[in-house]
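A.B. asks: So you can see what is in the structure, the chains are spelled out below.
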Amino acid sequence: MTFASIVYAVLFYGATAILLIGVGLRIARYARTPAPLKIPTTPAPTSRGGVIGRMASEVVFFYSLFKANKWIWILAWVFHLALLLVLLRHLRYFIDPVWEWVVLIQPFGVYAGFAMLAGLIGLWIRRIFVERIRYISAPSDHLMLGLLIAIAASGLAMKYLWHVDVTAVKVFFVGLMRFEIHSLPAEPLLLLHLALVAALMIVFPFSKLLHAPGVFFSPTRNQADNPREQRHTSWAARVEHTGAAAPANRGAPVPNARSED
Amino acid sequence: MADFETPEVKEYLDMPELQPGAMSHSKPFVSRDEFQGPLGFPGELVDDWQHVALAKLAELLNKNRGLQVFMDACVKCGACTDKCHYFLGTSDPRNMPVARQDLLRNVYRRYFTWPGRLFPKLVGAQDLTEDVLDQWYSYFHQCSECRRCSVYCPYGIDTAEITMATREIMNAVGKGQKYSNEIIGKVFKIGNNLGLPQPALKDTLEGLEEEVKEDTGVDVRYPLDEKGADVLLVTPSADFFAEPHVDGLIGYGKVFHQAGISWTLSSHASEAANFGLFIGSPENMRKIALRVREAAEELGVKRIVFGECGHAWRVAYSFLNTLAGPFDFLDPRYPVPQHICEVTHELIQRGALTLDKSANDHRRVTFHDSCNVARASRMGNTPGGQFTIPREIIQAVCNHYYDMPADTIGEATFCCGGGGGLLTDDLMELRVKGALPRMQALRQVVEEEGVTHLAAICAICKSQFAKVLPYYGFEMDQIVSVHQLVSDAIVLDPAKQTT
Ligand code: HEM
Ligand code: HEM
Ligand code: SF4
Ligand code: SF4
Numbered sequence: 001m002t003f004a005s006i007v008y009a010v011l012f013y014g015a016t017a018i019l020l021i022g023v024g025l026r027i028a029r030y031a032r033t034p035a036p037l038k039i040p041t042t043p044a045p046t047s048r049g050g051v052i053g054r055m056a057s058e059v060v061f062f063y064s065l066f067k068a069n070k071w072i073w074i075l076a077w078v079f080h081l082a083l084l085l086v087l088l089r090h091l092r093y094f095i096d097p098v099w100e101w102v103v104l105i106q107p108f109g110v111y112a113g114f115a116m117l118a119g120l121i122g123l124w125i126r127r128i129f130v131e132r133i134r135y136i137s138a139p140s141d142h143l144m145l146g147l148l149i150a151i152a153a154s155g156l157a158m159k160y161l162w163h164v165d166v167t168a169v170k171v172f173f174v175g176l177m178r179f180e181i182h183s184l185p186a187e188p189l190l191l192l193h194l195a196l197v198a199a200l201m202i203v204f205p206f207s208k209l210l211h212a213p214g215v216f217f218s219p220t221r222n223q224a225d226n227p228r229e230q231r232h233t234s235w236a237a238r239v240e241h242t243g244a245a246a247p248a249n250r251g252a253p254v255p256n257a258r259s260e261d
Numbered sequence: 001m002a003d004f005e006t007p008e009v010k011e012y013l014d015m016p017e018l019q020p021g022a023m024s025h026s027k028p029f030v031s032r033d034e035f036q037g038p039l040g041f042p043g044e045l046v047d048d049w050q051h052v053a054l055a056k057l058a059e060l061l062n063k064n065r066g067l068q069v070f071m072d073a074c075v076k077c078g079a080c081t082d083k084c085h086y087f088l089g090t091s092d093p094r095n096m097p098v099a100r101q102d103l104l105r106n107v108y109r110r111y112f113t114w115p116g117r118l119f120p121k122l123v124g125a126q127d128l129t130e131d132v133l134d135q136w137y138s139y140f141h142q143c144s145e146c147r148r149c150s151v152y153c154p155y156g157i158d159t160a161e162i163t164m165a166t167r168e169i170m171n172a173v174g175k176g177q178k179y180s181n182e183i184i185g186k187v188f189k190i191g192n193n194l195g196l197p198q199p200a201l202k203d204t205l206e207g208l209e210e211e212v213k214e215d216t217g218v219d220v221r222y223p224l225d226e227k228g229a230d231v232l233l234v235t236p237s238a239d240f241f242a243e244p245h246v247d248g249l250i251g252y253g254k255v256f257h258q259a260g261i262s263w264t265l266s267s268h269a270s271e272a273a274n275f276g277l278f279i280g281s282p283e284n285m286r287k288i289a290l291r292v293r294e295a296a297e298e299l300g301v302k303r304i305v306f307g308e309c310g311h312a313w314r315v316a317y318s319f320l321n322t323l324a325g326p327f328d329f330l331d332p333r334y335p336v337p338q339h340i341c342e343v344t345h346e347l348i349q350r351g352a353l354t355l356d357k358s359a360n361d362h363r364r365v366t367f368h369d370s371c372n373v374a375r376a377s378r379m380g381n382t383p384g385g386q387f388t389i390p391r392e393i394i395q396a397v398c399n400h401y402y403d404m405p406a407d408t409i410g411e412a413t414f415c416c417g418g419g420g421g422l423l424t425d426d427l428m429e430l431r432v433k434g435a436l437p438r439m440q441a442l443r444q445v446v447e448e449e450g451v452t453h454l455a456a457i458c459a460i461c462k463s464q465f466a467k468v469l470p471y472y473g474f475e476m477d478q479i480v481s482v483h484q485l486v487s488d489a490i491v492l493d494p495a496k497q498t499t
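From first to last, the protein sequence lines stand for chains A and B.
All residue numbers for the first sequence refer to this note's numbering, where the first residue is 1 and numbers rise by one.
All residue numbers for the second sequence refer to this note's numbering, where the first residue is 1 and numbers rise by one.
Treat the hints as calculated values from the structure; they're not laboratory data.
Note that beta-carbon positions come from the ideal geometry of N, C-alpha and C, so glycine has one too.
Be aware that a few hints might be false.
To be verified - Simulated pairs of lysine-lysine, DSSO-like, Cα-Cα distance not exceeding 27 Å:
#1 B:LYS10 <-> B:LYS213
#2 B:LYS10 <-> A:LYS67
#3 A:LYS208 <-> B:LYS56
Claimed, not checked - One side of the interface only, derived from the structure: several residues of chain A facing chain B at Cβ under 10 Å:
#4 PRO34
#5 PRO36
#6 PRO45
#7 TYR63
#8 SER64
#9 LEU65
#10 GLU187
So that you can see chain B by itself, here it is in the shape it has in the complex:
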C-alpha cells in the first residue's frame, strides 16, 4: 500500500525503543506564494529569516503568557514522554512531547535567557540554524495539537500551544504548510475548506432532500441561506458529501425536523472548521470566526449550533465569544454556540424524539472521544459533559454500546492521528503510525466485545479513520457519525414541518 510498514498491533501497547531520527524525513509540502499571500505571510523564506523568527518569538512571548510560562517551567521530569501517540507509533524520541517542545525551547534559551547566552552547551541551548528550522518544520508537523501531553504534565505544559507558536513563526518567515494555508485561502475566497460555491451547495442539499424522501417518504428539509430561521447550523464542509460525514448531516436535519425547529445552513459560513487554529494564527482564526457572526446577523437567527467537528467545536466553544462576540443579539436562553449533541441530547431527555433502537441492532458500537472536544472544550453544564452527552445519545439510539479501555478514552483519549492540520496525503506514513494507539484500543473491544463500529463526532477523525482503518485490517465503513446512528433510529413524523 505504501513505502512504509504499518505498525503491528499487539495485545498491549509496548513502550517503543528509541529510534532517533526515525521520522526526520516526514515533512508536509511547503506552501507557495499563492497560498501564503492571502493569509498575510511572505511567499518564500525571507532573507533575514533568523531575525524575523526571533522577533516573532519575542512578540509571542510578550503576548502569550502560556508560551512564556511553558518555555520556563519544564523541569524535564519525563512524565509526558510516553503520552504522545506519534511517539508510541513512530519510536522517534523527538516525538516525545518534551523533546518536541525543546526544539523551540533550546532556541528560546539561547537568545532569551542568561544561562543559554553564556553556557549554551550546559543547558542544551541551540543557535537558530537552517538545520533547526528544518527540524521545526518536520517535527512541529508531527504534532496534532491534541493536548494529551498537557493532561499529564505537572504544570499543564501544552505542547499544542508550542506547536502553534512555532508554526506561526515559520509562517512569519515564509515557511508555511501548503495543506492548511491553501485551505484557509479557500474559506476566505469561497466560504469553506472544500471550495464549494453557493450553487453547488444548494444542489447538494437538494440532492439530500430527495435521498431522504426516497428512504423515508418524509419531506425533511436541508435549507440554505433562509432568513428568519431560528437556528444557524455551522458544520464542517466535509458533511456535505464525504462518507460517513454526510450521514451525520442527514441526522441533524432529521433531529430538527422532529423537534420542529426551523434551521438553516449558510453559504457565507459554510464551514465550521477553522484551520487558523492549527497554524497558530489568531488573526486568521478570527477572520474565519467572524464569518459565523456575519452569517448569524445576516440571516437574523436566534441560535447558533455547530455540527460534528472536533477542533471546530474548540474554536466555537472556547474562542468564538472572545473572537467574534458578544452575541447579545441572539436568544439569551441558549448558550452561544451550542453543539448539535447538546441539542439532540436535550430533545432526547425531554422525550421529544421517537427512537427505535433496534434499527441499530446490527451494530455494536464504541465511541472515539475526539481530542479537541475531550480536552479543549465542554458540552452541557458540568465538566465532563463532553464525555457523557455523546455516550448517552448513542445509548439512547443503540442497544449495544461498549467503551474502549479507560486509559484510552475521556480525557486520556488518543488522537485519531490526523488532527491539527496533518490530514493530508503527504503525511500518510505519520497518520498511519500515529493511529496505532487508537487501533490497539479498538482491536481490544473488537475482540472482547465484538464491536463492529467506531462512532465519532469529528470530521477529521472520520476522514482519518476511513483512510487508516484498512491499514490495520479493518473496513473503512466501520467508522460512523454519531448522528448517523441517531438518523437510523429516529422515527420520522411526516406531519412535522420545519418552516
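Next comes chain A alone, as it looks inside the complex:
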C-alpha cells in the first residue's frame, strides 16, 4: 500500500465527515429557525400540494431563473443536469454490484462530462464579460467555477487521454466504505481529480453551494398562500426573546406552537 493511498484515505474520510456534518448542521439550523410571518412571493399556490409543485418546478427546471434570464438559465440548467448525470455515473465506483440503471446511464454520462464543462465555461464567460455580473463577483465566485472546471477537465482527461485503472479506483473506494484501505493507483491526474473533489466537499458547507439545501427552505417559495384561512403562528418564536408585550387586549392568544413553515 502506498503513502498516497493512506493520505487519500484520510483525506476522503475527513472530507466526507465535514460534508455530511457541515451540511447536516446547516439543514438542522434552517429547519429549526422559525419563519415568523407568511412571506410567499405571490401569486403562490394555496395548498401544500401546490407548494410541492412550485418547489419541483424550481428545483427541476429553475423556473424563476427561466423567467429572469434565458442565457443564465440555459447554461445553468445544462451544467446542473450534466453534473447530476456525472455524479450518478460515478456511483459505479461506490456500489458493487453496480445497479442496473447506473449501467444504463453510463453512455450519457460521458457526454454529460462535456456538457458540464461547456455550461461552466459559459457561466464563467458571463461572469467575466457581463459588467453587472463581474461587479457582484468575489474572487471565490471565480474560484468555484475554476474548481469545477478543473474537476471536469481532469476527469475527461482520464477518460480520453491518460487512462487510469478504474477497477483499482473502485476497489479503493469500496474498501473505504468498508473501512479497509486498499491501494490507489498513483496516477497524477487521478490524484489531482480526487484532491479537487475533496476540496469541493470540504468547502461545500461553508460556501454558496449551500444553495442546494437552501432552496428547499426558502420561505418565499415553500410557503402556501393561505394566511386568511389558516392562522400562521410561528410568530411567537420571533417575539419570545424581545420582551414584546402580550396582546394589549383580552384574548388574542399567541400560541407557542411552531407552525411547519
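Use these hints to put chain B with the ligands onto chain A, whose structure you have.
C.D. replies: Chain B with the ligands in isolation, oriented as in the chain A frame:
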C-alpha cells in the same frame, strides 16, 4: 425643478451603464430622539454600535429563517441584477438587488462564517465600519421593498427582507429614518399617519357627505365610530383628504350605500398603513395591527374591510391574522380581512350595483399593479386574483381599458418608486429616477392606445405619481383611484339607506 436631471424616457428601457457611487449621496433625514423613543429605539448612535449591530444581526438570524437562508444561498448568478427599478433609473450598481444584499451579506460573512473570518478578501467579507454603516443607511433607503427581485431569483431571495432586517439593525443602534419613525409615533399617539384627531376626522367626513349630496342629491353616509355597524372600514389616512385618494373614499361610501351595507370608520384605527413593515420592526407592526382588532371589538362589527393601500393590504392580508388574530368574533362567512375591491367585485358579479360605464367615457384607463398587492398578497379565492379583480372592476365601469406591456404588470410590475418608507421629499431624486421604468411603460400605452389615466389601488402609489408624473411631462391628475372610477359610474339610488 430640482438639482438633478429627470431621466430621459426612451422607446425601450435601456440597460444602464454602471456608474458606481452615482447615488451614494442619497440619504433620508436621520431620525431624532423624540421620534426614536416612542418606538423603543435609542435616540442617537450608541457608543458600542458595532457590538449592538452584530448582536441584533445574530438575533435576527436566529429568529428569521428567511434571512438566514438568504444570507447563505445566493450564488451570484446575476439574474436579479437588471430587475430593480432603482438600478434601472439610477445606474448605480449598488442598486442591483444582489449588490444591495451584499452590503449586509459581506458583514454576515465576516462575523458569522469561517471563510469570512479566515479569508475575508477571498469571499468579499467586510468589517463593520462606519463607512459600511453609511452605505447601509444610503442604499437600504433606496429599496422600496417591492419584491420584484424575489420573483426572478432562483431561490426566491427577497431583498425586501434583507432591507427590513438592516433597517431594524440600524434602528437598534440609533440610526433610524426620520420619515417612517415619526409617522409611526403619530399612529401610536393619535391613530393615523397624518395626525388627524377624532374631531378633525369627523369634520372631514361630514364635509364629504355634503359634497356628495351636492354632487348627486343623495344622502350617502361616511360614518365614524358607529357601534353596531356591520363593516369596519380601515383605510389609509391619505384617503381623508389627499387627491386623488379622497375620490376613492367617496367611491367606497357609494358602494356600501348601494349595497345597503352598514359600515363605519374608526378614529382609533383611522390608519390602514403600517410603517412597522417598512422599518422591519415586527413589534411596532404588531402594535399598529392590534389597533384594528381593538377597534373591531370596540365597535362590535362583523367584518373588516381594507381600503385602497398596497403595503397595508400586505400587512392585512398576510400578517393580520398572525399579529392580531384569531378573529373568531367576526362573521365566519367572510374572509378576515377583505379588500374593498373584493367587496365591490362581488357586488358587481351579483349585479347588486347599477353602473353607467359611459360616465367614464372621457377616460382611457390603464392599471398600475401595486407591488405589495401583486407580489405579497392576494384577492379572491385563486392565486392571481389580485390582478384580475381590480381589472374586472375597472372594465365594469369603463369602456376603454388598456394594459401596459406584459413585462411591467402583474407579478412583473414595476414599483411606483415611492414605496417602502421612501415617500418623503428628502428622497425626491431617488423617487423621480425610480419611477422611470413605470413611466416608460406608461408612455408606451399613452402613445399607442391614447391612454389618459393611470388607475391605482395604493395610497403611496397615488401620492408618488401625483408628484412625479409632472417630471415626465404628464399631468398630476392623470393618476386616479380605482374606486374613483367606480364612484363616477355608480348610479345611486336615493331610497337606499345604510343605517
Ligand atoms: C438541489 C440541487 C441544486 C439546485 C436546485 C441548484 C440550482 C442552481 C441554480 C438555479 C443556480 C443559478 C444559476 C447559475 O449561476 O448557474 C445554481 C448555481 C450554481 N450551482 Fe447549483 N443547484 C443545485 C445543486 C448544486 C450542487 C450539488 C453543486 C455543486 C457542485 C452546485 C453548484 C453550483 C454552482 C458552482 C453555481 C454557480 C454558477 C456560477 O458561478 O454562475 N449546485 N445552482
Ligand atoms: C470520490 C469521488 C470521485 C471519484 C473516485 C472519481 C473518479 C473518476 C474517475 C476514475 C474518472 C475517469 C473515468 C474513466 O476513465 O472512465 C472520472 C471522470 C470524471 N469525473 Fe470524477 N470522481 C469523483 C468525483 C467527481 C465529482 C464530484 C465530479 C464533479 C463535480 C466529477 C467529475 C468527473 C467528470 C466530469 C469526469 C469525466 C466524465 C466521466 O467519466 O464521467 N468526479 N472520475
Ligand atoms: S425589493 Fe424592489 S426595490 Fe428592493 S432591491 Fe428588490 S427590486 Fe429593488
Ligand atoms: S438572483 Fe438570487 S442567487 Fe442570483 S444573484 Fe440575485 S439574489 Fe443572488
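A.B. asks: Against each hint, give a clear statement of whether it holds in the structure.
C.D. replies: Against the structure, the hints come out as follows:
1. B:LYS10 <-> B:LYS213: Violated. LYS10 of chain B to LYS213 of chain B sits at ~46 Å, over the 27 Å cutoff.
2. B:LYS10 <-> A:LYS67: With Cα atoms ~24 Å apart, LYS10 of chain B and LYS67 of chain A stay inside 27 Å; holds.
3. A:LYS208 <-> B:LYS56: holds, 23 Å
4. PRO34: holds, 6 Å
5. PRO36: At 6 Å from the nearest chain B Cβ, PRO36 of chain A passes the 10 Å test, so the hint holds.
6. PRO45: holds, 7 Å
7. TYR63: Since chain B brings a Cβ to about 8 Å from TYR63 of chain A, closer than 10 Å, the hint holds.
8. SER64: Since the shortest Cβ distance to chain B is 5 Å, the answer is holds.
9. LEU65: holds, 4 Å
10. GLU187: violated, 30 Å
In this structure, the hints that do not hold are numbers 1, 10, in rising order.
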